[in-house]
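Engineer: Residues per chain are reported as follows:
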Amino acid sequence: MIREMLRLAVWGLTQERSEVVETLHDFGLLHVVSPADMGPPSEEEETLKFTRAKVLGMLEALEWKDWSSLNEEVLDRARERVDLGIEGVVVEIDRSLDSFRHRLAKLLEERRRLAVSLADLRRSHQVVFHFIPFVSSEDTPGRDLSLWWLKDSAIQKTLSAIRSRVQKRTQDGAETRDPWRFHLFNPEKGQAVLAISVENRFSGEIEELMRLQGAVPWKAPEGFQVGSTRETLFAVEKGLKETGTRLGVLSDEIAKAREEWGPRLASLYILLDEKLEEALVESGSRTRGDTFLIEGWIPADSLDAVVSLLKSRFANKVLVQWRYPSSEEWHKVPALLSNPAATRPFEILLKLMPHPLYKGVDPTTLMAIFFPFFSGCMIGDVGYGVLISFLGLWLARSSRHPLLPPVGKILFWVSGWSIAWGITFGELFGDLGHRLFHMEPLWVERSHAVLPVLIFTIALGVAHISIGLFLGFLEGVRKKHHHLWMERLGSLIVLLSLVGLLLIVRLNLPRPFFSLNITLLVVGTALLLAGGKIGGLIETFSALGNVLSYVRIAAIGLSSAILAIVATRFVDVLGVSFLGILMALIIHLLNFVLAIGGSGLHSARLHYVEFFSKFYHGGGKEFRPFSRRRFSWKKPC
Amino acid sequence: MEKALLALAAALAIGIPALATAYAQAKIGSAGAGTVAEKPETSGTMIILEAIPETIVILGFVVAIMMILQLA
Chain A
1 MIREMLRLAV WGLTQERSEV VETLHDFGLL HVVSPADMGP PSEEEETLKF TRAKVLGMLE
61 ALEWKDWSSL NEEVLDRARE RVDLGIEGVV VEIDRSLDSF RHRLAKLLEE RRRLAVSLAD
121 LRRSHQVVFH FIPFVSSEDT PGRDLSLWWL KDSAIQKTLS AIRSRVQKRT QDGAETRDPW
181 RFHLFNPEKG QAVLAISVEN RFSGEIEELM RLQGAVPWKA PEGFQVGSTR ETLFAVEKGL
241 KETGTRLGVL SDEIAKAREE WGPRLASLYI LLDEKLEEAL VESGSRTRGD TFLIEGWIPA
301 DSLDAVVSLL KSRFANKVLV QWRYPSSEEW HKVPALLSNP AATRPFEILL KLMPHPLYKG
361 VDPTTLMAIF FPFFSGCMIG DVGYGVLISF LGLWLARSSR HPLLPPVGKI LFWVSGWSIA
421 WGITFGELFG DLGHRLFHME PLWVERSHAV LPVLIFTIAL GVAHISIGLF LGFLEGVRKK
481 HHHLWMERLG SLIVLLSLVG LLLIVRLNLP RPFFSLNITL LVVGTALLLA GGKIGGLIET
541 FSALGNVLSY VRIAAIGLSS AILAIVATRF VDVLGVSFLG ILMALIIHLL NFVLAIGGSG
601 LHSARLHYVE FFSKFYHGGG KEFRPFSRRR FSWKKPC
Chain B
638 MEKALLALAA ALAIGIPALA TAYAQAKIGS AGAGTVAEKP ETSGTMIILE AIPETIVILG
698 FVVAIMMILQ LA
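Residue numbers (the working numbering), protein chains in the order written: chain A, 1 to 637; chain B, 638 to 709.
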């Protein structure tokens, strides 16, 4: 149902405008209409926007995301702390931020620096780790150790060059120990690190030779290049441990700051946002002399409440006027959906469509009837239905995301119909119910009797599309769109008369029925041509296609039923063994996920494409009341 | 032979539309993902557009079932 709206005008004295705006903000049910010719933002608004962005920036720097933890108590406490005018709020917030900003900047900068250093050390440690044994064994007096980066392709050539150079110098055979030794490691493709240990007398020559081969000396990150190669390697290893520990300590400090300051900054952000909204409403109000005027839309049933509130606070200093919108204004009026608690969760399915028009049709109740009915028919299994009900209950109680409770409630509805259809088709985890409890279908076993289910789903399609066409006809009549109502009525009559003809042929009904149907067909076609001309006829063919589309309920149901049977057959093939039961459970799990996803998606599609196209007109305005951020607060975009 | 041909025809009746639908949905899906990333409010329209080609598989399924029933 779409709530009746009133155009409300509040007149008052300019000196009391802020108080009136605050009162309306607290009341939270006025959809404020700002004049189209609003000037550029005032300095005050710019300051608020800037401060708000600054607070958000700090929240992002802190990586605080726990918006759902904010409750009314936290917000009220923050409001009391900064219960000042706009200027006072900005000054107070700036003062709070200044004491924290420097500390945070210092912590974040140190963390950034340490993170860079840690990444460098990790890269170096990759090399160090491989060379420590070699370097430790070669770190003896009289020998020189060096590490070099070189290309893979140059390794053989370089080693040969070193070998021949050393051999040339040691031809006399007076040496007692290896004059040179090496160790090689490939940290990445195409590149290698070569550690060379040589007697001191060769070190100059080897360095020159390595440089000639295009090798580059390996170096530890800045600050860790100390003394000998061995000392450097150990310094890197020690540095890695210490940097990691320091980074951990720093992260703990930031987490503490996040915990302490996150909710405080988020509350400030919300307060600033509220103040900005109030400032925008104030600047959007019309001023005439010493008076101001605020206009907007309000649900008709809230009129008494707002009038008594304003009168109790401001007595005769405010004047409240109201009127019903004229039909020319309907497209400007925001549409506020209002449904009973049982069907309200289905409003989220409408969020994927353009918002309904004021004075349009709110299809929530119809969706609440048909959506779970179709989904349940596709799933059609008692076992899956029970599991879905548990899932629905769990989601309905979840507070992790505002979308989860309504989704849970929808699933609960779906589970009810799944169980009902499961009993009708005699399915409990496929044919397990039949095997264990001799469960028999009340109607047909859909894995065997395909045709009756197909015909039933087509009948469902006829009924659903007919309702849609009838609603479209009513919409046309109500809005006095002659073409629309004639076309929808014509389509409805043609569709029903074609179904009637089919029944007459199949059931051999008496001749008068045939004549009646032909007459209806002619009348329907005439209405179609009058309402939509050739386009109307095409529309009717598309309606017939839409009806056939409901066969998907049977098709998806059939595949779900067969998959469930296949799962149980695994136990037949593999026996009552661990593997057999595991395979059966995996297939059932897959089928369960497909059943929920597929049935939901296809049910939604049947509504969005087939059903809504007959009567639903989106493009309406969403009702956005001028209200304080309460539990509906979400993370800012 | 006639039964075999009927079975083959039933397989083709659902197989070819399924391939065609998969191709169309792949194209629509990739374009839709880009659109939704740019404008999240178009997600409803994209679901509808993504779902439209499926109708042809459903029609293929009906034809295939009719043929299989003839086999039986």
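Please note that a few of the clues may not be correct.
Stated by the list, open to error - Cβ-to-Cβ under 10 Å is the rule here; a few derived chain A residues that face chain B:
#1 G360
#2 L391
#3 Y550
Unchecked claim - Across the chosen pairs, the derived CB separations fall in these ranges:
#4 A:S153 to B:A648: 18 to 28 Å
#5 B:A646 to A:L403: 53 to 63 Å
#6 A:H448 to B:A646: 21 to 31 Å
#7 A:V505 to B:E675: 17 to 27 Å
#8 A:E329 to B:S680: 27 to 37 Å
#9 B:A646 to A:E445: 43 to 53 Å
#10 A:N71 to B:A674: 26 to 36 Å
#11 B:Y660 to A:L507: 36 to 46 Å
#12 A:F541 to B:Y660: 20 to 30 Å
#13 B:Y660 to A:L303: 53 to 63 Å
#14 A:L474 to B:L708: 14 to 24 Å
#15 B:A648 to A:E4: 50 to 60 Å
In short, the hints are calculated from the structure, not lab data. Remember, it's a predicted structure, so these values are computed and weren't measured experimentally. Using N, Cα and C, we set each Cβ at its ideal position, and we do this for glycine too.
Engineer: Run every hint past the structure and note whether it holds.
Structural biologist: Comparing the hints with the structure gives:
no. : hint                         : in the structure
1   : G360                         : violated (16 Å)
2   : L391                         : violated (22 Å)
3   : Y550                         : holds (9 Å)
4   : A:S153 to B:A648: 18 to 28 Å : violated (56 Å)
5   : B:A646 to A:L403: 53 to 63 Å : violated (46 Å)
6   : A:H448 to B:A646: 21 to 31 Å : holds (22 Å)
7   : A:V505 to B:E675: 17 to 27 Å : violated (52 Å)
8   : A:E329 to B:S680: 27 to 37 Å : holds (30 Å)
9   : B:A646 to A:E445: 43 to 53 Å : violated (26 Å)
10  : A:N71 to B:A674: 26 to 36 Å  : holds (33 Å)
11  : B:Y660 to A:L507: 36 to 46 Å : holds (42 Å)
12  : A:F541 to B:Y660: 20 to 30 Å : holds (25 Å)
13  : B:Y660 to A:L303: 53 to 63 Å : holds (57 Å)
14  : A:L474 to B:L708: 14 to 24 Å : violated (46 Å)
15  : B:A648 to A:E4: 50 to 60 Å   : holds (57 Å)
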